[in-house]
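Residue strings, one per chain:
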Amino acid sequence: MKIIVSIKQVPVRDSQLRIGSNGRWIQDNDLSFEINEPDAYALEEALQLKEKHGGEVIALCLGPARASQTIREALAKGADRAIHIEEEDLTAFDTLGIAKLLAKAAEAEKPDLILTGLQSDDLGAGQTGVVMAEVLGLPSATIIMAVETAGAGIRVKRELEDGWFQNVQMPLPAVLTIQSGINKLRYATLMGIKKAKTKEIKRVTVAELGGPAAPAATIERVYLPQRTKQTQMLDGSAKEAAAKLVEKLKFEVRVI
Amino acid sequence: MSGVLVVMEQRGGAWNRMSWETLAAGQQLAAQIGASASAAVAGNSVGALANELASKALDKVFAVDHQLLGAYTADAYTAALEQLIRRTSPSIVLFPHTYQVRDFAPKVATRFGQVLISDTIGFRVDGDAPVFARQLFQGKLNADVKPGGPAPHFASVQAGAFRADQLQNGTALVENFTPDLKPEMIRAKPEDPFRESARAVDLTAADIIVSVGRGIKEKENIPIVEELAKALGAELAASRPICDSGWLPMERQVGSSGQTVSPKVYMAVGISGAIQHLVGMKGAKTIVAINKDSNAPIFEVADYGIVGDLFEVVPALVEEVKKAKS
Numbered sequence: 001m002k003i004i005v006s007i008k009q010v011p012v013r014d015s016q017l018r019i020g021s022n023g024r025w026i027q028d029n030d031l032s033f034e035i036n037e038p039d040a041y042a043l044e045e046a047l048q049l050k051e052k053h054g055g056e057v058i059a060l061c062l063g064p065a066r067a068s069q070t071i072r073e074a075l076a077k078g079a080d081r082a083i084h085i086e087e088e089d090l091t092a093f094d095t096l097g098i099a100k101l102l103a104k105a106a107e108a109e110k111p112d113l114i115l116t117g118l119q120s121d122d123l124g125a126g127q128t129g130v131v132m133a134e135v136l137g138l139p140s141a142t143i144i145m146a147v148e149t150a151g152a153g154i155r156v157k158r159e160l161e162d163g164w165f166q167n168v169q170m171p172l173p174a175v176l177t178i179q180s181g182i183n184k185l186r187y188a189t190l191m192g193i194k195k196a197k198t199k200e201i202k203r204v205t206v207a208e209l210g211g212p213a214a215p216a217a218t219i220e221r222v223y224l225p226q227r228t229k230q231t232q233m234l235d236g237s238a239k240e241a242a243a244k245l246v247e248k249l250k251f252e253v254r255v256i
Numbered sequence: 257m258s259g260v261l262v263v264m265e266q267r268g269g270a271w272n273r274m275s276w277e278t279l280a281a282g283q284q285l286a287a288q289i290g291a292s293a294s295a296a297v298a299g300n301s302v303g304a305l306a307n308e309l310a311s312k313a314l315d316k317v318f319a320v321d322h323q324l325l326g327a328y329t330a331d332a333y334t335a336a337l338e339q340l341i342r343r344t345s346p347s348i349v350l351f352p353h354t355y356q357v358r359d360f361a362p363k364v365a366t367r368f369g370q371v372l373i374s375d376t377i378g379f380r381v382d383g384d385a386p387v388f389a390r391q392l393f394q395g396k397l398n399a400d401v402k403p404g405g406p407a408p409h410f411a412s413v414q415a416g417a418f419r420a421d422q423l424q425n426g427t428a429l430v431e432n433f434t435p436d437l438k439p440e441m442i443r444a445k446p447e448d449p450f451r452e453s454a455r456a457v458d459l460t461a462a463d464i465i466v467s468v469g470r471g472i473k474e475k476e477n478i479p480i481v482e483e484l485a486k487a488l489g490a491e492l493a494a495s496r497p498i499c500d501s502g503w504l505p506m507e508r509q510v511g512s513s514g515q516t517v518s519p520k521v522y523m524a525v526g527i528s529g530a531i532q533h534l535v536g537m538k539g540a541k542t543i544v545a546i547n548k549d550s551n552a553p554i555f556e557v558a559d560y561g562i563v564g565d566l567f568e569v570v571p572a573l574v575e576e577v578k579k580a581k582s
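Listed in order, the protein sequences are those of chains A and B.
Number 256 marks the last residue of the first sequence (this note's numbering); no jumps.
Number 582 marks the last residue of the second sequence (this note's numbering); no jumps.
Just so you know, these hints were derived from the structure itself, not from any lab.
Treat the hints with care, since some could be wrong.
Unchecked claim - Below, computed lysine-lysine pairings styled on DSSO-like, alpha-carbon distance capped at 27 Å: (1) B/K520 with A/K244; (2) B/K445 with A/K50; (3) A/K100 with B/K475; (4) A/K197 with A/K110; (5) A/K194 with A/K52; (6) B/K445 with A/K244; (7) A/K250 with B/K445; (8) B/K475 with B/K578; (9) B/K548 with A/K250; (10) A/K110 with B/K445.
What the hints assert, rightly or not - Per the computed footprint, the stretches of chain B lying under chain A, defined by three or more beta-carbons under 8 Å from a beta-carbon of chain A, are: (11) 443-449; (12) 471-484; (13) 549-558.
What the hints assert, rightly or not - Simulated DEER-style distance windows between Cβ atoms: (14) B/N551 with A/A214: 27 to 37 Å; (15) A/E247 with B/G290: 46 to 56 Å; (16) B/S518 with A/Y223: 41 to 51 Å; (17) A/A207 with B/D458: 54 to 64 Å; (18) B/R273 with A/T228: 38 to 48 Å; (19) B/G539 with A/K184: 26 to 36 Å.
Cβ coordinates follow ideal geometry from the N, Cα and C atoms, glycine included.
Given only the sequences and the hints, what does the whole structure look like? Please build it.
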């Protein structure tokens with residue numbers, strides 16, 4: 001099975017975010033970055049499918065030069081090779097523009113399966129995989145919690161709301177968006193890290209893939225959300241704050 | 257038509273209640289841009305549902321009826337909605353931001369060379385065009401997103417962002433729409449939805465819930481919050497990542513993929529407050545948040561907040577609770 005995993009590099013989860021000077025994105029030059037968490041699960045799923053059925057795992061990433069760190073980590077975990085669509089400024093693209101570039105790069109590989117995380121931790125649009133499928137004319141399924149082969153196709157477990165699930169059978173090639181928690185993430189081994197240095201990273205530019213499309217939607221402004229509730233902040237040392245909270249729970253909320 | 261079209265969601269003849277919130281959003285948006293609002297419901301034999309919609313203040317109700325829309329598939333729903341939108345030419349199409357919508361609505365938008373502005377929490381009108389607000393970075397920041405290019409424009413609406421009780425009643429004309437669907441268009445074969453197992457833990461019955469998130473760092477630290485739950489006589493719950501990691505069983509998960517709770521007190525310990533978690537607990541009467549990051553979105557819904565290290569605050573809290581109870 002030839003599997004492409006589309007991964008994204010995002011700021012690490014605990015980043016202190018500041019709004020950039022143009023007011024349309026964050027200031028990201030002083031942040032640390034990591035693989036988007038759902039994409040890490042998609043990569044793990046691809047590696048497990050390869051271990052079961054043989055084949056190849058190709059990591060595909062659209063991002064600036066710094067994203068090569070995340071790509072190397074994917075190679076260290078076991079991806080066979082990678083494609084890096086190198087582009088410094090992603091703010092000029094919307095989901096459709098990004099999905100078209102990824103689709104174009106994936107198409108040339110003729111994969112059996114394309115996996116990606118169900119959404120990104122930064123933009124959170126949750127559409128890249130679905131739009132890639134549509135652009136490529138492939139069937140897709142989202143929020144996937146299990147993947148197994150079934151005849152010439154696959155059977156996947158979709159997560160629905162409120163604890164419901166549904167199994168869906170579909171032909172290959174197909175695109176799946178993977179839910180966090182589908183599997184247990186592995187760590188890169190020392191051997192894996194060593195091997196990653198010799199693995200191929202093919203670099204392509206946006207221009208080589210047909211150039212940027214005019215975005216259909218643009219971010220006008222980024223801002224801090226307004227509080228909807230009057231939060232009483234309880235300050236002081238841990239002990240003082242705890243004592244204040246217990247007093248509130250006892251005399252205002254009356255549950256103690 | 258050139259108005260707002262709201263695509264409702266139903267399964268087996270029962271509405272997804274987020275549909276009503278989205279319909280209210282659609283009415284408000286239509287009023288502000290000086291256009292009409294219509295609604296569509298797709299499925300197999302949706303006449304009764306369409307008639308129910310006809311009692312709302314809408315221009316038209318489209319009953320998108322076809323045998324192949326009985327069990328949901330992305331292929332059939334995408335094709336049917338594409339055909340309806342081409343026929344009726346709305347300027348804006350709104351969906352509730354459900355798991356099903358996430359599965360097919362981006363495809364519909366793509367067929368019009370558009371993107372779905374997903375999970376929106378509000379809008380303002382700039383001239384005669386809407387600008388949608390949505391969250392970034394799991395709720396840490398908001399963004400205003402402006403649709404561009406030729407209509408139709410597409411957006412989905414977050415649970416709880418609009419209130420269904422603000423829906424305007426009225427009368428609407430029901431129009432049947434039979435899409436041109438063929439079995440060979442549908443590539444996926446869906447099986448019946450199922451629940452994993454009977455839930456052994458019913459969090460919805462608890463008066464007090466102590467819920468733990470990523471801030472707990474390691475499985476070995478879970479007893480720290482367990483002790484707080486015990487002291488308060490509370491149920492222990494968790495955000496999704498804790499259950500994903502197997503630190504607590506899935507049945508203790510609160511959020512869009514877990515249980516929805518509304519206890520007297522919900523104490524969120526080390527939970528940042530991503531929207532997937534908030535939808536499961538924001539109905540609690542009193543929300544307490546303990547988090548080291550003062551910008552964590554959980555503080556936006558909290559009644560009481562403590563910014564601090566949970567490994568110091570929680571043990572102190574256990575002591576104070578025990579003292580207060582003795």
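Here is how each hint holds up against the structure:
1. B/K520 with A/K244: 18 Å, holds
2. B/K445 with A/K50: 24 Å, holds
3. A/K100 with B/K475: 41 Å, violated
4. A/K197 with A/K110: Roughly 25 Å separates the two Cα atoms, so the pair holds.
5. A/K194 with A/K52: Holds, because 24 Å separates the two Cα atoms, which is no more than 27 Å.
6. B/K445 with A/K244: 57 Å, violated
7. A/K250 with B/K445: 55 Å, violated
8. B/K475 with B/K578: 25 Å, holds
9. B/K548 with A/K250: The hint holds at about 24 Å.
10. A/K110 with B/K445: Roughly 23 Å between the alpha carbons, so the hint for A/K110 and B/K445 holds.
11. 443-449: holds (count 7)
12. 471-484: That given contact is violated, which follows from only 0 residues of the region 471-484 of chain B lying within Cβ reach (below 8 Å) of chain A.
13. 549-558: holds (count 7)
14. B/N551 with A/A214: 27 to 37 Å: 34 Å, holds
15. A/E247 with B/G290: 46 to 56 Å: For B/G290 against A/E247, whose Cβ atoms are near 53 Å apart, the range 46 to 56 Å holds.
16. B/S518 with A/Y223: 41 to 51 Å: 30 Å, violated
17. A/A207 with B/D458: 54 to 64 Å: With a Cβ separation near 57 Å, A/A207 and B/D458 satisfy 54 to 64 Å, so the hint holds.
18. B/R273 with A/T228: 38 to 48 Å: 21 Å, violated
19. B/G539 with A/K184: 26 to 36 Å: Since B/G539 and A/K184 have Cβ atoms about 33 Å apart, the given range 26 to 36 Å holds.
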